[in-house]
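Residue 1 is where the sequence shown starts when you use the numbering used here, and the numbers rise one by one after that.
There may be inaccurate statements among the hints.
What the hints assert, rightly or not - Label-pair ranges, simulated between beta-carbon atoms:
(1) Glu-162 / Gly-211: 45 to 51 Å
(2) Val-358 / Ala-71: 23 to 29 Å
(3) Gly-143 / Ala-31: 19 to 25 Å
(4) Gly-143 / Asn-61: 35 to 41 Å
None of these hints come from the bench; they were simulated from the model.
Because the structure is a prediction, the values reported are computed rather than measured.
The C-beta atom is built at its ideal place from N, Cα and C for all residues, glycine as well.
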Amino acid sequence: MRAIFSAAALAVTVLAAPASAGAVDDRVMAALSARLFPLLDAAGHDPAAIERIARAPGMENMLRVRQERRAACGTDLACRAQALLWSDREADAVRRAVAQAPGLPAADDGPAAQVDREIAGINMIVRTYALGAIPATVIDGPGTVSPQDHRARLQAADWIAETPRAGSAQRLDPSIDYALALLDVSERTDAIGHEPLSGGANAAAMARAKGLDWRRYRYSAMIVTGVGPEIEGEPLSPFGKYHLRIAARRFAQGDIAFILVTGGRAHPRATPFTEAVEMRKALIERYGVPAEAILIEPYARHTTTNLRNAGRLLARMGAPLEAETVIVCNPLQSAYIESARFAERNAAELGYQPGAVVRRVSPNELVFRPSRTSERIDPRDPLDP
1 MRAIFSAAAL AVTVLAAPAS AGAVDDRVMA ALSARLFPLL DAAGHDPAAI
51 ERIARAPGME NMLRVRQERR AACGTDLACR AQALLWSDRE ADAVRRAVAQ
101 APGLPAADDG PAAQVDREIA GINMIVRTYA LGAIPATVID GPGTVSPQDH
151 RARLQAADWI AETPRAGSAQ RLDPSIDYAL ALLDVSERTD AIGHEPLSGG
201 ANAAAMARAK GLDWRRYRYS AMIVTGVGPE IEGEPLSPFG KYHLRIAARR
251 FAQGDIAFIL VTGGRAHPRA TPFTEAVEMR KALIERYGVP AEAILIEPYA
301 RHTTTNLRNA GRLLARMGAP LEAETVIVCN PLQSAYIESA RFAERNAAEL
351 GYQPGAVVRR VSPNELVFRP SRTSERIDPR DPLDP
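With the hints as extra help, turn the sequences into a complete structure.
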């Protein structure tokens, strides 16, 4: 079990960070910020928006209290991390302040709900990567590190959060860049590992989609869900190989526009293999499926996000979301996706249903219609928001 570090154990001297002549561009941090915190990131690129948020009623005093709380920690790195957590009252102040800066990006449920998710995401990252909270699943989190390495990560994140970065919302509060830095120094920038999704392995399929007459196909896509390997060095699990066999057989019927394989770099922990990439490779090399007929969704770490992310990718490529798709997988997983238990898990983990099962065709095949609600970005899962 990973150790939980006390404040006393992490109290080390905080050395002064090197002075900077100005804000620096950091492409990795900028990409991670835009991916995890789209609303706060957009505010960081808009000085007028930051000013309106910072000067909204109640904000100036609240931000000053947060600064004083952190300064009072002195050299205690755990205390300084704890001081960056947002209380419910502080989060409420930010929620009301965002209303003073219209035009910021938000999901279908509005900017208040989006800023709630982003503040909750910051808190989740700080608790997990700085304060030792156990992640929801063992494949997530910073992994097992020595107390010395953990102190080094906290010290580096503390410095990075106070070193000016161009386009950063750290001008509002250092917690945003502190959370990003914690992920960076822990080598957990998984959320941007395959950007842009419209390029790379997806370039040929995206190009084909631009001129496609979707009406020619009964289904816009076949969603092939992942079943991550559990053995180190194994690129595809036994169930994953079965999924590919039945997917290739079903695709040969000719009434599906694309095969969309979904699965991230998740199982086992720290695996070098991305499941969707390996599935695509096997479909091409073993089954002769043309590359322009395959889309990869390389981020999903759970069955819930297999379906959520598939809907996002279909929207990005211009597929009509009112069109039906088919989910192809083994009978056990297929029955689970259709179950009330899975719907309850979606409600608990996502806060909504990523789509609706329309009907069952066979033990392996469910007709599914994705939901636009899946576009909501939620950094409470910072490896796949």
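Of all the hints given earlier, name the ones this structure violates by number, lowest first. 2
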